[in-house]
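Participant: Here is how the chains run, residue by residue.
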Amino acid sequence: GAVVSQHPSRVICKSGTSVKIECRSLDFQATTMFWYRQFPKKSLMLMATSNEGSKATYEQGVEKDKFLINHASLTLSTLTVTSAHPEDSSFYICSASKLDRGFTDTQYFGPGTRLTVL
Amino acid sequence: TQLLEQSPQFLSIQEGENLTVYCNSSSVFSSLQWYRQEPGEGPVLLVTVVTGGEVKKLKRLTFQFGDARKDSSLHITAAQPGDTGLYLCAGAETSGTYKYIFGTGTRLKVLA
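Here the protein sequences come in this chain order: Z and R.
Just so we're aligned: 51 in this note's numbering is position 51 of the first sequence, and the numbers increase by one with no gaps anywhere.
Add 1000 to a position in the second sequence, counting from 1, and you land on the number used in this note's numbering.
Hints were generated in silico from the structure; no laboratory data involved.
Note that the coordinates shown come from a computational prediction; the quantities given were computed from them, not determined experimentally.
Some hints here could point you the wrong way.
[Stated by the list, open to error] DEER-style ranges, computed between Cβ atoms:
no. : chain 1 : residue 1 : chain 2 : residue 2 : range
1   : Z       : T104      : R       : H1075     : 21 to 31 Å
2   : Z       : T31       : R       : N1018     : 37 to 47 Å
3   : R       : I1013     : Z       : N70       : 42 to 52 Å
4   : R       : A1078     : Z       : T80       : 38 to 48 Å
5   : R       : K1056     : Z       : T57       : 23 to 33 Å
6   : R       : Q1080     : Z       : G53       : 42 to 52 Å
7   : R       : E1015     : Z       : Q60       : 14 to 24 Å
8   : Z       : T57       : R       : K1059     : 29 to 39 Å
9   : R       : A1078     : Z       : L68       : 45 to 55 Å
10  : Z       : N70       : R       : T1104     : 24 to 34 Å
11  : Z       : C13       : R       : D1067     : 27 to 37 Å
12  : Z       : I12       : R       : D1067     : 46 to 56 Å
[Stated by the list, open to error] Derived BS3-like pairs: lysine-lysine, alpha-carbon spacing no greater than 27 Å straight-line:
no. : chain 1 : residue 1 : chain 2 : residue 2
13  : Z       : K98       : Z       : K14
14  : Z       : K41       : R       : K1099
15  : Z       : K55       : R       : K1099
16  : Z       : K64       : R       : K1070
17  : Z       : K98       : R       : K1109
[Stated by the list, open to error] Far from chain R, by Cβ distances over 10 Å, these chain Z residues were calculated:
no. : residue
18  : K66
19  : F67
20  : L68
21  : T82
22  : E87
23  : D88
Yeah, the Cβ is synthetic: ideal placement off N, Cα and C, and Gly gets one too.
Model the full assembly from the supplied sequences, consistent with the hints where possible.
Facilitator: Written as structure tokens, this is what we have:
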């Protein structure tokens, strides 16, 4: 199997606070995890690539001081939205990369986290 | 910048009809994935295609990878209301970064 969990599934916070979202690969080890953001009725937008034991690689236009990523172990990556503002409200989804059949890296996705900033 | 265009963007059909979704790019991918996503949930992997010209079947769904590994199609036979959802193709970059380029998405609604 290839199961990825996210916690929390929903979070509502006040403007100015920080929110941490956890992404775990439950039955496999993932040296690489990814964080995406999805706007309503749109496709997924890659925010950053999270590598275990090293700094995350951010996509152009994504503020690394705003979206802190930590890949503490082979099964856990966290995304912290710092000083959240209403415009940060979105659906955040993580994925974990697993080597399938020995040669194809496939991304398996978590169920997503709905963040609402008031 | 690599782009993956999906067509159509929206599709509303009656139960029992057939449909095809296209995923096109000018870039070559090392593999291509198809996902289905339901509202408020993460994308669920349907299939991975790796070899140019490869065809894979998953019950009523048929996936094809283009010979040049730049495009793909998803054909659904006798669509059912349970097929309703957002279909996303995702191409894996050839640069070894493991990054995916996601398609623009096709929102399918199958009416009973």
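Participant: Next, verify each hint and record whether it holds.
Facilitator: Here is what the structure says about each hint:
| no. | hint | result |
| --- | --- | --- |
| 1 | Z/T104 to R/H1075: 21 to 31 Å | holds, 22 Å |
| 2 | Z/T31 to R/N1018: 37 to 47 Å | holds, 41 Å |
| 3 | R/I1013 to Z/N70: 42 to 52 Å | holds, 45 Å |
| 4 | R/A1078 to Z/T80: 38 to 48 Å | holds, 46 Å |
| 5 | R/K1056 to Z/T57: 23 to 33 Å | holds, 31 Å |
| 6 | R/Q1080 to Z/G53: 42 to 52 Å | holds, 45 Å |
| 7 | R/E1015 to Z/Q60: 14 to 24 Å | violated, 43 Å |
| 8 | Z/T57 to R/K1059: 29 to 39 Å | holds, 37 Å |
| 9 | R/A1078 to Z/L68: 45 to 55 Å | holds, 48 Å |
| 10 | Z/N70 to R/T1104: 24 to 34 Å | holds, 31 Å |
| 11 | Z/C13 to R/D1067: 27 to 37 Å | violated, 49 Å |
| 12 | Z/I12 to R/D1067: 46 to 56 Å | holds, 49 Å |
| 13 | Z/K98 to Z/K14 | violated, 36 Å |
| 14 | Z/K41 to R/K1099 | holds, 22 Å |
| 15 | Z/K55 to R/K1099 | holds, 16 Å |
| 16 | Z/K64 to R/K1070 | violated, 32 Å |
| 17 | Z/K98 to R/K1109 | violated, 31 Å |
| 18 | K66 | holds, 21 Å |
| 19 | F67 | holds, 17 Å |
| 20 | L68 | holds, 20 Å |
| 21 | T82 | holds, 24 Å |
| 22 | E87 | holds, 20 Å |
| 23 | D88 | holds, 18 Å |
In summary, the structure is inconsistent with hints 7, 11, 13, 16, 17 from the numbered list given earlier, while agreeing with the others.
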